[in-house]
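Q: Take a look at the letters that make up each chain.
Protein chains: 2
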Amino acid sequence: MTSRRPTIGVFDSGFGGLTVLKALLELIPAADYLYFGDTARLPYGSKSVETVARYAVEAAHYLESHGAQFLVIACNTATALALDRITAAAHVPIVGVVEPGAEAASTVSINRKVVVIGTEATVGSHAYRRALETRGLDTREKACPLLVPLVEEGWVDHPVTEQVARIYLNEAFSDGFREADVLLLGCTHYPLLKPLLQCVAPPHVNIVDSAESTAHAVATHMQNLLPPPKPTPEERRATPRLRFFATDSVEKFRRLGERFLGHSIDNVEHVDLKE
Amino acid sequence: MTSRRPTIGVFDSGFGGLTVLKALLELIPAADYLYFGDTARLPYGSKSVETVARYAVEAAHYLESHGAQFLVIACNTATALALDRITAAAHVPIVGVVEPGAEAASTVSINRKVVVIGTEATVGSHAYRRALETRGLDTREKACPLLVPLVEEGWVDHPVTEQVARIYLNEAFSDGFREADVLLLGCTHYPLLKPLLQCVAPPHVNIVDSAESTAHAVATHMQNLLPPPKPTPEERRATPRLRFFATDSVEKFRRLGERFLGHSIDNVEHVDLKE
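Chains S and C are the protein sequences, given in the same order. Number 63 in the numbering used here belongs to position 63 of the first sequence; there are no gaps in the numbering. Number 155 in the numbering used here belongs to position 155 of the second sequence; there are no gaps in the numbering.
What the hints contain is simulated information worked out from the structure, not anything from laboratory work. All C-beta atoms, glycine included, are put in the ideal place defined by N, C-alpha and C. Please note that the accuracy of each hint is not assured.
In silico DSS-like pairs for lysine-lysine, Cα to Cα no more than 25 angstroms straight-line [said to hold, decoys possible]:
| # | chain 1 | residue 1 | chain 2 | residue 2 |
| --- | --- | --- | --- | --- |
| 1 | C | Lys252 | S | Lys252 |
| 2 | S | Lys252 | S | Lys142 |
| 3 | S | Lys22 | S | Lys252 |
| 4 | C | Lys22 | C | Lys113 |
| 5 | S | Lys142 | C | Lys194 |
| 6 | S | Lys194 | S | Lys142 |
Cβ-Cβ distance ranges computed for the label pairs, FRET-style [as the list claims (entries may be wrong)]:
| # | chain 1 | residue 1 | chain 2 | residue 2 | range |
| --- | --- | --- | --- | --- | --- |
| 7 | C | Gln198 | S | Gly154 | 23 to 29 angstroms |
| 8 | C | Glu251 | S | His91 | 33 to 39 angstroms |
| 9 | S | Gly154 | C | His126 | 18 to 24 angstroms |
| 10 | C | Asn170 | S | Pro29 | 54 to 60 angstroms |
| 11 | C | Ser264 | S | Asn111 | 21 to 27 angstroms |
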C-alpha cells in the first residue's frame with residue numbers, strides 16, 4: 001500500500017525557511033518533508049531576477065525529483081522576484097511566503113495600517129506593499145538589514161538586538177504610521193525575534209509572522225489538493241520523515257539550522273549545483 | 001609619448017577593497033587605477049576554494065585586459081583561499097592583503113602577541129594566524145560577523161557599534177591575550193571603524209590596518225618593479241584616473257562605495273559575468 005502521507009518540499013536560499021518548516025511540522029505533522037537550503041549561493045537579495053529565477057527553478061526541480069508533491073517557497077526574495085517563473089516551471093502546486101503573510105495581516109488589522117519589516121532586497125521589491133495594498137491596507141515597508149546577522153550571531157534576546165530593533169521600529173512606527181496595528185515579519189529569520197519584537201513594538205501592535213501564515217496557507221491548500229483517502233491513524237501518528245539538502249557546508253547547516261528549527265538536524269545531504 | 005603613470009588594478013568581492021584603494025590613492029597618487037567589485041557574487045566567504053579561485057582569476061584577467069600592470073587582491077577571502085592560484089593565472093605582479101598586514105603587525109608588536117579580527121570566513125581560513133606565526137607572533141583570531149553589516153548600515157560611530165565592538169574585543173583581549181599589543185584589522189571594511197576601535201581597545205594597543213599596510217607593500221613593489229624612467233613632473237601632478245567595474249547594481253556601488261572611498265564615485269561600469 002502506498003503511503004498517503006504527502007511529501008512537502010520546502011525551499012529557501014539558506015536557513016530562514018526552517019522557521020516555515022517548523023511551523024509546518026506543528027500544523028501538518030502527518031506529512032513528510034524535504035528541505036533545500038541553497039546555502040552556497042546565498043544571499044539571493046543582491047542577485048538579478050534572472051539569476052534568482054534560475055536558481056529557484058533548479059531547487060524546485062531538485063525537490064520534485066526527490067518526491068515533493070507540494071512546494072513551499074520559504075524565501076522572501078525568491079517569492080518576490082520569481083514565484084511566477086517557479087510556478088510555470090514546476091509540476092506540483094506551489095505556495096510562496098508573501099501572499100499568506102499579507103492575507104493574515106489583512107485579517108488582523110482593524111485600522112488598515114500595516115508596518116512590514118524585511119531585508120533590503122525584500123523591501124526593495126515592494127512585493128509586500130503590492131500584496132497589502134491590493135487588500136486595501138496602507139503599508140509602510142522598513143528594511144532592517146542588521147536583524148539577519150544578529151539572528152545568525154545567535155543574539156536573539158541580546159540587549160544589542162533590542163536596541164537595534166527599537167531604532168528600526170521607532171523609525172517605522174512614526175508619523176502617519178504611529179497607529180499602525182500590525183507588524184508583519186517579512187523575513188523568515190525574524191520569527192526567532194518574535195518575543196523581543198513583541199516587547200519593543202508599541203503595545204497595541206499585533207505581530208503577524210509570514211512563516212506561520214504560510215504554514216496555515218499550505219494546510220488549507222493541502223486539504224483542497226490532496227482529498228481523501230485520508231492517512232490511516234497509523235500513518236498520522238508516524239513521526240514526519242525529514243531530509244535536508246544544502247549546497248554549502250553540511251556541518252554549518254546543521255549547527256546554524258538547529259537554532260531555526262528548534263531541534264536537532266541529523267541527516268543533511270550535500271548537493272553540488274554549479275554556481 | 002607613452003604615459004609612465006602605471007595602472008594598478010584593485011580587486012575585491014565588494015566594497016571593502018575601496019579602503020585599500022583609498023590608501024593607495026594617498027600613497028601613490030602618480031598612478032591610475034581600475035577597481036573591480038564582484039558585487040553580484042559576494043560574499044565569497046561561504047563559497048568553496050574552487051569557486052573563489054575561479055571568480056578571482058576571472059576578475060584578475062578582466063583587470064589585465066583593461067590595462068592593469070599590477071594587481072592588488074584587496075579581498076581577504078580571495079587572498080586567503082586563492083592567492084597562489086591567482087598569481088599562477090595572472091601575467092602581472094600581484095600583492096594580497098594578508099602578508100602586508102602580518103608584516104606590519106610584526107614590525108609594531110613588542111611583546112609578540114597579536115589579536116586579529118575579521119569575518120568568519122577569514123578567521124576560519126587561519127591565513128593570518130599562519131602569516132603571523134611564521135613571524136614568531138602569538139596570535140588570537142576573533143571573528144566579528146556583525147561589524148561588516150554595521151559598517152554597511154553606515155553606523156560607523158554609533159553607540160550600538162561601540163557596544164558590539166566592546167563585546168568582541170573584551171572576548172579577544174582576555175586570558176592569555178590581555179597584554180596583546182596589536183589589533184590587526186583583517187577585513188577591508190574595518191578601517192571605517194578605526195576611530196571607534198581605538199576608543200574601545202585597551203589603551204596600550206596599536207591598531208594595524210591591513211588596507212594601509214597593503215598600500216605600503218604595493219608602493220615598495222612598484223619601486224622595484226617599475227624602475228626609471230620615472231613619471232615626468234606633469235605626469236606626477238595629474239589626478240589619478242579612476243575606473244570602477246561592478247557586477248551588480250551600479251547605483252548601489254556608487255552609493256555604498258562613496259562611504260568606503262571617502263569621496264564621490266562617478267564612473268561605474270556594469271560588468272556581466274555569468275554566475
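Q: Against this structure, judge whether each hint is valid.
A: Here is how each hint holds up against the structure:
Of the pairs offered as hints, the one joining C/Lys252 and S/Lys252 is violated, with about 30 angstroms between alpha carbons and a cut-off of 25 angstroms exceeded. At most 25 angstroms may separate the alpha-carbon atoms for a hinted pair to count; S/Lys252 and S/Lys142 exceed this at roughly 30 angstroms. Among the hinted pairs, S/Lys22 with S/Lys252 is consistent with the structure: their alpha-carbon atoms are about 19 angstroms apart, no more than 25 angstroms. Between C/Lys22 and C/Lys113, the direct Cα distance comes to roughly 28 angstroms. Violation of the 25 angstroms bound is thereby established for this hinted pair.
The straight-line distance between the Cα atoms of S/Lys142 and C/Lys194 is roughly 29 angstroms, outside the 25 angstroms bound, and the hint therefore fails. With a C-alpha separation of about 16 angstroms, the suggested pair S/Lys194 and S/Lys142 falls inside the 25 angstroms cut-off, and the hint holds. Here the CB-CB span from C/Gln198 to S/Gly154 is close to 28 angstroms, well matched to the stated 23 to 29 angstroms. Between C/Glu251 and S/His91, the C-beta spacing of about 38 angstroms keeps the proposed range 33 to 39 angstroms intact.
Taking the beta carbon of each, S/Gly154 and C/His126 are about 22 angstroms apart, inside 18 to 24 angstroms as hinted. Between C/Asn170 and S/Pro29, the C-beta spacing of about 44 angstroms breaks the proposed range 54 to 60 angstroms. Our hint of 21 to 27 angstroms for C/Ser264 and S/Asn111 is violated, since their Cβ atoms are close to 43 angstroms apart.
In summary, the numbered hints that this structure violates are 1, 2, 4, 5, 10, 11.
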